[in-house]
Amino acid sequence: MVKPTLVTNRITEMRTALGMSQGELGDHIGVTRQTVNAIEAGKYSPSLEVAFKIARVFAVPLETIFQYPEVFPPARPTPAQRQRH
Amino acid sequence: MTFQEKSALTMTAILVVVFGMYFALVLGPVAGAPAPAREFAFTALMILASVVVTILAAATHIVLAIVFRSQVNAHDERDRLIDLRSTRVAAYILAAGVYAGIGLSVVQVERFWIAQALIAALVIAEITDGVIKVVLYRRGV
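These protein sequence lines are chains A and B, in that order.
Residue numbering for the first sequence follows our numbering, starting at 1 and increasing by one per position.
Residue numbering for the second sequence follows our numbering, starting at 1 and increasing by one per position.
Since the hints were made in silico from the structure, they are not lab data.
Just so it is clear, the structure is predicted and the values come from calculations on it, not from any experiment.
The reader is advised that the hints may include incorrect statements.
[Claimed, not checked] Interface residues of chain B toward chain A, partial, derived using beta-carbon atoms under 7 angstroms:
hint, residue
1, T2
2, A58
3, A74
4, E77
5, R78
6, V141
[Unchecked claim] If you want the ones that stay clear, here's a sample from chain A, every Cβ over 12 angstroms from chain B, calculated:
hint, residue
7, G19
8, M20
9, A38
10, S47
11, E49
12, Q67
13, A80
All C-beta atoms in this analysis are idealised placements derived from N, C-alpha and C, irrespective of residue type, glycine included.
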C-alpha cells in the first residue's frame, strides 16, 4: 500500500530522548495524542504551522525533524538554481 | 482511536443495521402490498427507522462521552481534514441520488420508488461518509 505521505520525520527519536509522551507533545502543539502517533507513523503530514510548533518544542530547525526525499528532480532549473549561475 | 473515529464507527453500524432492516422490509413484503397499504407502511417504517436511529445515536454517544470523557473535545486539524474529505465524497453520492430521484419523477415512476431512491441516497451517503472516515483514520491521510 502506498504511504499517504513521503515526508519522514525523527519525532519519535527526539521525543523519547526528552522523555516526553505522545500526549504531552500533543498538548504542547495543540493536537491529539492520536495525531502525534499518525505523524510519527507517517500516516499524516502535519500543517506547516504544526510542523513549526514541533520544531519549536525540540528547539531545532524544521529540516532537522522533517525530511523529504529527492524523488522529483525539477525538469527546469529552479529560480534559486538560476540565480546561482 | 479518536472520539471522532469511534463516533463514525458507531453511526455507520447503527445506520447499516437499522436501515438494513428498513430496506429488507420495504423492498420485500411492503413493496408487494397494494398501493394505499404500501404508502402507509413505508411512511410508518421510515418514521420509525429515523426515530430509532436518533435514539440509538444519542444513547451511544452519551455512553462514549462518559467512557472517553477526556477525548470528547479533542478535535484537531487531522480530524477536520478527514471530515472534509469524507463529506466531499458523501456529497457527490447524495447529489447523484437526488438526480436519480428527479429522473424517476420525470419518467413518472410511483412516489413509493422515488421516496426509496431518495432515502437510499441519504443512507448510502451517510454510510460512505463513516466508512471513508474510518479508512482515513486507519490508513492515513
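**Study point:** Hint status (Cβ of E77 (chain B) to nearest Cβ of chain A, threshold 7 angstroms)
**Key:** 5 angstroms, holds
Exercise for review: Let me know if the C-beta of A74 (chain B) comes in closer than 7 angstroms to any C-beta of chain A, holds or violated.
Suggested key: 5 angstroms, holds
Review point. Hey, does G19 (chain A) actually stay past 12 angstroms from chain B on C-beta?
Key: 22 angstroms, holds
Point to revise | Cβ separation check - S47 (chain A) to all of chain B, threshold 12 angstroms | key: Incorrect as stated: the minimum Cβ-Cβ distance to chain B is 5 angstroms, not above 12 angstroms.
Review point. Holds or violated: is the Cβ of V141 (chain B) closer than 7 angstroms to a Cβ in chain A?
Key: 6 angstroms, holds
Check your understanding: Does R78 (chain B) meet its interface restraint, that is, does its C-beta lie within less than 7 angstroms of any C-beta in chain A?
Key -> At about 5 angstroms, which falls below the 7 angstroms cut-off, the nearest Cβ of chain A leaves the hint on R78 (chain B) intact, so it holds.
Point to revise | Cβ separation check - A80 (chain A) to all of chain B, threshold 12 angstroms | key: Per Cβ check, A80 (chain A) is outside 12 angstroms of chain B; nearest 29 angstroms; holds.
Point to revise | chain A contact restraint on T2 (chain B) - CB to CB distance below 7 angstroms | key: Hint holds; T2 (chain B) Cβ to chain A Cβ min 5 angstroms, cut 7 angstroms.
Check your understanding: Should the interface hint for A58 (chain B) be scored as holding, given a Cβ-Cβ cut-off of 7 angstroms against chain A?
Key -> 24 angstroms, violated
Check your understanding: Non-interface claim for E49 (chain A): all C-beta distances to chain B beyond 12 angstroms?
Key -> Violated, since 8 angstroms does not exceed 12 angstroms.
Review point. Beyond 12 angstroms from chain B, beta-carbon-wise, is Q67 (chain A)?
Key: 17 angstroms, holds
Review point. Does the claim that A38 (chain A) lies outside the interface with chain B hold up, using a Cβ gap greater than 12 angstroms?
Key: Label violated. Min Cβ-Cβ 6 angstroms, cutoff 12 angstroms.
Hints 2, 9, 10, 11, counting from the list given before, are not met by this structure.
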